[in-house]
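Chains as they are written, first to last, in the numbering used here: chain A, 259 to 717; chain B, 796 to 1059; chain C, 67 to 283.
The set of hints was computed from the structure by calculation and includes no laboratory data.
All C-beta atoms, glycine included, are put in the ideal place defined by N, C-alpha and C.
One or more of the hints may lead you astray.
Below, computed lysine-lysine pairings styled on DSS-like, alpha-carbon distance capped at 25 Å [unchecked claim]:
#1 B/Lys-821 to B/Lys-884
#2 A/Lys-659 to A/Lys-647
#3 C/Lys-124 to A/Lys-290
#4 C/Lys-124 to A/Lys-438
#5 A/Lys-438 to C/Lys-145
#6 A/Lys-653 to B/Lys-1001
#7 B/Lys-913 to A/Lys-555
#8 B/Lys-913 to A/Lys-647
#9 B/Lys-821 to A/Lys-654
#10 A/Lys-555 to A/Lys-315
#11 B/Lys-1001 to A/Lys-647
#12 B/Lys-913 to A/Lys-315
#13 A/Lys-266 to B/Lys-1001
Which residues of chain A face chain B? A partial, calculated answer using Cβ under 7 Å [claimed, not checked]:
#14 Phe-351
#15 Ser-698
#16 Met-713
Simulated coverage check for chain C against chain A, where a stretch passes if three residues somewhere in it have a Cβ under 8 Å from a Cβ of chain A [claimed, not checked]:
#17 75-81
#18 91-100
#19 164-174
#20 209-219
#21 256-263
#22 269-279
Spelled out, the chains give:
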Amino acid sequence: MSAVFDKKIHQTLADANLQLAIYTATGRLKDKRTESVAEALMPEYQELRTQANALKKHAIENLDYYLEEFERNVEAHGGKVIYCKDGTEVSDFVLGLAKERGVSLLVKSKSMTSEEVDLNERLEHHGLEAVETDLGEYILQLGHERPYHIVAPALHKTRFDVAAIFEKELHVAYETVPEKLSQIARGVLRQKFLDAGIGITGGNFLVADSGAVVLVENEGNARLTTTAPRIHIAIAGIEKVIPRAQDLAVFLKLLARSATGQALSVYTSFLSGPRRAGEIDGPDEFYVVLLDNGRTKLLPSRAKRQSLYCIRCAACLNTCPVYRKIGGHSFPWVYSGPIGAIITPQFMGVSYEPSLPFASSLCGACAEVCPVKIDIPQVLLDLRSDVKKAETREKKNRLEKLSFRMFAWMMTHPRVYAWAGWMARHGPILNVGPVRAWTSQRDLPPRPRQSFRDMWSRR
Amino acid sequence: MALARRRLTGQEACPTTDTIKTSVGKRVSLFVTCLGDQLFPNAGMAVVEVLERLGYAVDFPKDQTCCGQPAYNSGYREEARTVARHFLKTFESSEYIVVPSGSCTSMIGHHFADLFRKEPETLARVEALGRRVFEFATFLTEVANVEDVGARFDGIVTFHDGCHGLRELHIREAPRRLLAHVRGLELREMLPAEECCGFGGTFSVKFAELSGAMARTKLEAIVQTGASAVVSLDSSCLMQIQGALSRAGSKVRTMHLAEVLASR
Amino acid sequence: MSREHILHRVRTAIGRSAGQPPGVAPPVRIRVPTDDSALSVAARVTNMLARVEALAGKTYHAASPEDARAFVAAAVAGKTALASNAPFLADCGIANLPGVRTGIVDREELRECCSTVEIGITSADYALADTGTLVMLSSPQEARLISLLPPAHIAVVPSERILSGLDELFAILPNPAELTSSMVLITGPSRTADIEQILVRGVHGPGEITVVVVERG
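Just chain A, with the same shape it has in the complex (with noise of 0.2 Å):
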């Protein structure tokens, strides 16, 4: 794997604290999904994940149509839907939007698409102030870090993190009540709230047949992103869009279980263009963004595919006993967990992280989770035979590659691969290449004098 990769895993597990963090913090949610899920609490849950499957395959295999009719729906309620290839046009639209209407302040609500195209860093280069609204991301923003895990961003911080931060950048008390600490953000965000030009979203769901953007949230900071504010930019991935608003009674009942264990999050917003004649409150201008940024790449492939009916809930890192180890900032993308495995190498090419889709044990507890039923152990297995397939192309890795050619070989002449157990039982035992991996953490297996097939013989 490349030094980076190693590097950071080995020093997410030389961190007891951290690692005491995140097992917690995953295990938490972990437990509040499976409550909630429970067969005498939900029995209809199997059912909902059949449904939700096939939902998205459809939205998915009908992509454009559906495109086509959210955008004319969101134009039929006085709003506006912008395309964007890739983050340089996102930025782009936003800048010139906000340069256009004269505002500086943006507040934005929590949307790992943003993140996915550097939005903040962009529009602060270009001196506008765009305050994260979340308390996870806020506490992040000021800490100038990535998020750690889909959902709950500042997993890994403790109350005595959070406290160095605040201190440092807000220039108040040193603090570790979090209850105070939080009371403390909410004092700030709530100006910005108040003052800002311009509020960005991202979208949960993007509903076709109502031109609606659907947020699904606890604090309220969505809520008041979209409702102070006189314009609101939500920006989402072509992949989020679901047929109709009927649907939403299958996905909002998976969502917040899966994710927090919630039935419902506090805060669920349909939001469907400006406000309208005689609405007292709201913005007066409504865009949506719909951000290709390399979804365009994963729909080809049909095994594939079904990485895009990711709805962001993060159970599947909640679950994975390696996330649950490496936690989020081992991951070379914004994406982390086990659908941040198979959607990294299929947006950024399997040679950006070629050994992503090897770090997991293909255990299977993600598919299991999963409330869209992506399998993830088969698209890491397809991902892996893509890997060496550019291996072999690209003439990397050929001793590997040659090994598991004698390996083929071997096995398929008895008599040799008899021969090589018997020298795995007798021969002398050299501690280099995996022998040493392997004896590094563990002891070896005693060895048999006779293998089975011996024993058999001798019957």
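Use these hints to put chains B and C onto chain A, whose structure you have.
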């Protein structure tokens, strides 16, 4: 492919096969697995003993080697196909194939089909074969229709569910029902349950430190039960767990389910 | 133009052509429960109130609009409050309680008031019994900020507006966008667990929520 016939509520529906009522005297072929053959022969012998005790005639096709999973999991599909074809040739004429491993059974029963999607003829043969391959515990409960094999084992054990067996083959109840009938045995479940031991094939050496960390978490759960032995369907998991137990200086031993069931 | 470029890439990837009708969509899955607890208003009320309390909200079951008025009067005593323009609040006499402001239609005035007032009082278009949820559609009668900016929110809802759950909501309201630019489902007080997974209420939205269910008789 024999999988739990009963649809466990809350579980994904899995492909089922007709419950095959066998009678004493039928012949089964043993695929002992490459790891089982070379490093865990006692587990294989225990499988034979249990099957013979139940009245089956066991044969051991000598040309058998491996199911090809290491190559498949490492991304080498062509090499995996080569090994799979050899497996097909070796076992095609067997009426029943019993495998003391959830992961190998899953490879043969589920993933062989992935390998031959572009070869319809081989695919058909592979799918037919897949229907005759059974993980050991599943064979006993679903095909032989027994839960009490007359075993005795005094001690407290805990059971580790290997991930392929658990999540791809949906095996959860079968080994527990078998253990419930072992005289003198007390089964204590681990908490948390169903977490990966960290083996994952080449993952265990490619990501050694991470694999070791996962093993140590599993050890904590094991130790909490107070069990003197860990039992599983997969020698690969047991190898990982035993290696970690031994390194930690623990006296807890590991046993394949077959070894427990062969105990008298 | 990125629009054409992206749509073209999408079509090429999934093998469709421009203007091609979509395949058959999976049928809508809406299951409105028909058991007694779902059908009976009394059961829905009980369920709704229990759910809100489980979320650390406060509740009151008012036997009449007058009863509701008295409860709200006590709740806002000594505090500043703003009531929405919902007709039901006027019907209950809540809108004209002393100390309760109402009748704001100007956006700036509304924002000014909401950012200083201690309690926001609204009605709700619907409520969902199985999750303890308030359903609020933005309209000339119900402004959005009133249930959002003030640190406390009191919602006064006639019992007949309580639905069994999400399925029933989408059964009767298949296209909320036809009615409003904003439909919000409110389930409990604002919360976060972003710091060490410790639950904190009232981060941005109201930390205190009171649901008053009113029997109109």
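Hint by hint, here is what the structure shows:
no.: 1; hint: B/Lys-821 to B/Lys-884; in the structure: 21 Å, holds
no.: 2; hint: A/Lys-659 to A/Lys-647; in the structure: 10 Å, holds
no.: 3; hint: C/Lys-124 to A/Lys-290; in the structure: 24 Å, holds
no.: 4; hint: C/Lys-124 to A/Lys-438; in the structure: 23 Å, holds
no.: 5; hint: A/Lys-438 to C/Lys-145; in the structure: 23 Å, holds
no.: 6; hint: A/Lys-653 to B/Lys-1001; in the structure: 20 Å, holds
no.: 7; hint: B/Lys-913 to A/Lys-555; in the structure: 23 Å, holds
no.: 8; hint: B/Lys-913 to A/Lys-647; in the structure: 17 Å, holds
no.: 9; hint: B/Lys-821 to A/Lys-654; in the structure: 50 Å, violated
no.: 10; hint: A/Lys-555 to A/Lys-315; in the structure: 16 Å, holds
no.: 11; hint: B/Lys-1001 to A/Lys-647; in the structure: 19 Å, holds
no.: 12; hint: B/Lys-913 to A/Lys-315; in the structure: 24 Å, holds
no.: 13; hint: A/Lys-266 to B/Lys-1001; in the structure: 15 Å, holds
no.: 14; hint: Phe-351; in the structure: 40 Å, violated
no.: 15; hint: Ser-698; in the structure: 5 Å, holds
no.: 16; hint: Met-713; in the structure: 5 Å, holds
no.: 17; hint: 75-81; in the structure: holds (count 6)
no.: 18; hint: 91-100; in the structure: holds (count 6)
no.: 19; hint: 164-174; in the structure: holds (count 4)
no.: 20; hint: 209-219; in the structure: holds (count 5)
no.: 21; hint: 256-263; in the structure: holds (count 8)
no.: 22; hint: 269-279; in the structure: holds (count 4)
In summary, the structure is inconsistent with hints 9 and 14 from the numbered list given earlier, while agreeing with the others.
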